[in-house]
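Knowing the structure of chain A, use the given hints to seat chain B on it.
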Amino acid sequence: MDPSQPACDPGQLSSEMDEVIKEFLVECNEGLDRFDRDLVALEKDRTSRELLDSIFRAIHTIKGTGGVLGYEKLVSISHIGESVLSRMRDGLLLLSPAITTALLTMADALRSILQDIAAGGTEGTGDFSAVLRQLSTVLEQAQPPVAAKTPLSIAGPQPDSAAPPLLGEILVSSETCKPEDVVAAVELQQEGDPRRMGQILVDSRAADPSAVVEGLKMQSDYREIGSNTIRVDVALLDKVMNLVGELVLARNQVLQFTGTQKDSSFLSTAQRLNLITTELQEGVMKTRMQPIGNVWNKLPRVVRDLSVGCGKQIEIRMEGAETELDKTIIEAIKDPLTHIIRNAVDHGIEVPEVRAASGKSREGHLVLRAFHEGGQVNIEISDDGAGIATEKLKAKAIANGMVTADHAARMSERELLNLAFAPGLSTVEQVSNISGRGVGMDVVKTNIEKIGGMVDLQSAVGKGTLLKIKIPLTLAIIPALIVTSGGERFAIPQVSLIELVRSEGQEAGHGIENIHGASVYRLRGNLLPLIYLNRELRLGSESASGSINIVVLQSGDRQFGLVVDEINDTEEIVVKPLSKQLKSVSCFAGATIMGDGHVALILDVLGLAQMTRVVSELHEQNVAKQGLKSAESAAQREAWLLFRIGKDGRMAIPLSLVSRLEEFPATQVERFAGHEVIQYREQIMPLVRLAEALGYAGASDSELLQVIVYSSNGRSVGLVVDEILDIADQSAAVQQIRHVETLKGAAVIQQRVTDLLDVPALLAAQQLAGGEGAQA
Amino acid sequence: MKQRRQLCTFYLQKLLFGVEVEKVQEVIRYQEMTRIPLSPEVIAGLINLRGQIVTAVDLRRQLELPARSGGELPMNVVIRRDDGPISLLVDEIGDVVEVDEQLFEPAPDTLDAHGREFIRGVYKLKQQLLLLLDTEKAMSVVGTHPA
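Going line by line, the protein sequences match chains A and B.
Each residue of the first sequence is one higher than the last, beginning at -15 in our numbering.
Each residue of the second sequence is one higher than the last, beginning at 87 in our numbering.
Calculated directly from the structure, the hints in this document are not laboratory data.
For clarity, every value in this text was computed on a predicted model and none was experimentally measured.
Fair warning: there could be bad hints in the mix.
[Said to hold, decoys possible] Per label pair, the in silico range of CB-to-CB distance:
(1) A:594 to B:166: 32 to 38 Å
(2) B:203 to A:249: 55 to 61 Å
(3) A:594 to B:222: 27 to 33 Å
Just so you know, even glycine gets a beta-carbon here, dropped at the ideal spot from N, CA and C.
Same shape as in the complex, but just chain A (with noise of 0.2 Å):
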């Protein structure tokens, strides 16, 4: 025997045992979460007789299927559940909140004999007395059973319910059995008789059998229908995504080598094979998907459990609980997720008497929202609760001594609200057993970066918190940036990428300065710090090519520079892990095969982040050198655009309102009612000539048109002008010399008197969209 073998895994059922009672399990388990959602649900409607039919049938599976497989603790207690919930449907018993949490006990009492069963085969040692005891006093408050007036189980089989219909239900819409026989046959189980409804009308002679058997196999046949699903082991999911993610770099090796190739019936054999490997590997990815419900659906049972504990009223809405991730993403969000709503509910929302106080409803809410957005899934968890008050973490964060006083005060409302996020931070004076010790939301934090997303915090002291989560779709084929440096390739998850900034010839390396040693570049007024990905990775040569790359990345709520040698291309790679051999490199998030065949390597953003600890510490630095800067001048530092337009005009715009620069050959030009237009982006894209529009003389009649795209509200206008000069980023300080409605106004940039142009009113003045009250 081999010895490197593991012991049986704990919660892994050894290979001998019968598939039947793995099945049982999951069913269980599958209809005890069923169990506690709609008892939650429930509680808030309490006459919905849908919900109560489901808890029932949940309940009913695990007696009727425990007593099969001769598991006698769960068939007791089921039991006896069953019985008070036959009670409510027969209207004998109402729902309380008692009822609620003595029937969230027996829940937690059959999971934990399932998880006995899962381990050993046993229903284990566990004393349930308790559970019972609490069940039955709850039975003893039901009224005794009087002849049921209405008896609902025989009022033909509900519309919109997937389970099969009852026995008696069929026969009876059949006509092979009266109605009051089978009423009859109720009752005599309700007192205790332990026959089933078939035997019970067959020995009462009040059907014949040869109808019973037939109503039963209805019965099978309807059970079937519903089961248009199968059961697949994940690791057999895993596997196959596995070998898609194979073939999908045989593919893109195929396509590469397709450029040399002119042979017409193999080039279309591999776009054959290109498109088949896309739409397997959606399809792959999609069976991986589960909706986001799956995890919600526990939280309505945390939120009860916290609330009756703390004494607090809360709803829990959810929206968008249909929104499909990958699994091992649902996976990763769970325990998160828990937390968060943990936090909401411990801390978030006040006890009713606050909440009254304060002109609230007694009852506090809690939203849970997630929609798809640009190939991410957006996660918001928001509460209608006290907020947080900044000043306290503020005064905390200082106590800790994890910023300087000086520094918090220079802090943005944000910065001090994802003070939160910090490890060992937490406003609450009284550390509850729920939340508050200060540990969590950090770990909330790190987790969620860890799969590639985002969390933001966003709160009004008094009117409650929301919490944003940003996190991709999927972790195992995602679209990544592949750049050089030092002569290898690494690719760039492409969620991390904000933008990229390249400077050539004399411009290099202009607008990079240094700061104690540490490099920052200015992008649009703002400082960027910068990493050097040759030095940080000790790749040895920088390029000498002339120009610099930038790559803008942003992790967490940062944002930071890579330089990098090359950039090359965006591509989805299939993300294989490094084995454990490589762990200790934390700037690498795994690897990847490229279309060549070549290994190369995936850039952990955070992780490369951390080790250089250039968000942090340059942060500080960030902010320090702002707070001397805004002393110095009060004016906002602006990039501009400055542009000539006639012989002579110089004028600037700021360069936030440029959407593109772009050039037309005059050729292009259109008309549109006797004015000028052009085709751009499928839509026509009105020009106004600046220098006739504001009366520059000397137009330059060139064949290529240098024109300025200014974007508002999704509309379009080209401004056509005769230079483009330069960027210029700087304070300008505007003052009016003259009025003259189209501008602004003037100041001074690059030493030279610039006039400032007012686009919207220019746009107004020509009557285009995009000014101001303009009409389209």
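Frame of chain A; chain B shown alone:
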């Protein structure tokens, strides 16, 4: 009855090493490698083994032998493992030999301490000594420092 076992052999610095045949997944010629910046020194890089990414350990560095001279390309002895294969870079591949357990002896004391860590023992073959490599140790990075 004589106990025999099969060893896959290879050379490192003219020394003959052996690994149990059943641990070896395959033996392949030199593969292009992607080096891993900041990784432990004994890790030579990553290779693409038919779509699978395999970490390669440079046995010369692991055993503190002098580095391979410039033009020589190492061969890969791919060792099977539960959590994915690992490749050991060696100078040259030898034959698969069947050895007699009676010829086995623990590593001699004359072997330096570092070498003894990785060698489980020696088979006294007629022509040459065959060193039995401790593969688990050879694939570990414990105690090594980043390059």
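Do the hints match the structure? See the list:
| no. | hint | verdict |
| --- | --- | --- |
| 1 | A:594 to B:166: 32 to 38 Å | holds, 35 Å |
| 2 | B:203 to A:249: 55 to 61 Å | holds, 59 Å |
| 3 | A:594 to B:222: 27 to 33 Å | holds, 31 Å |
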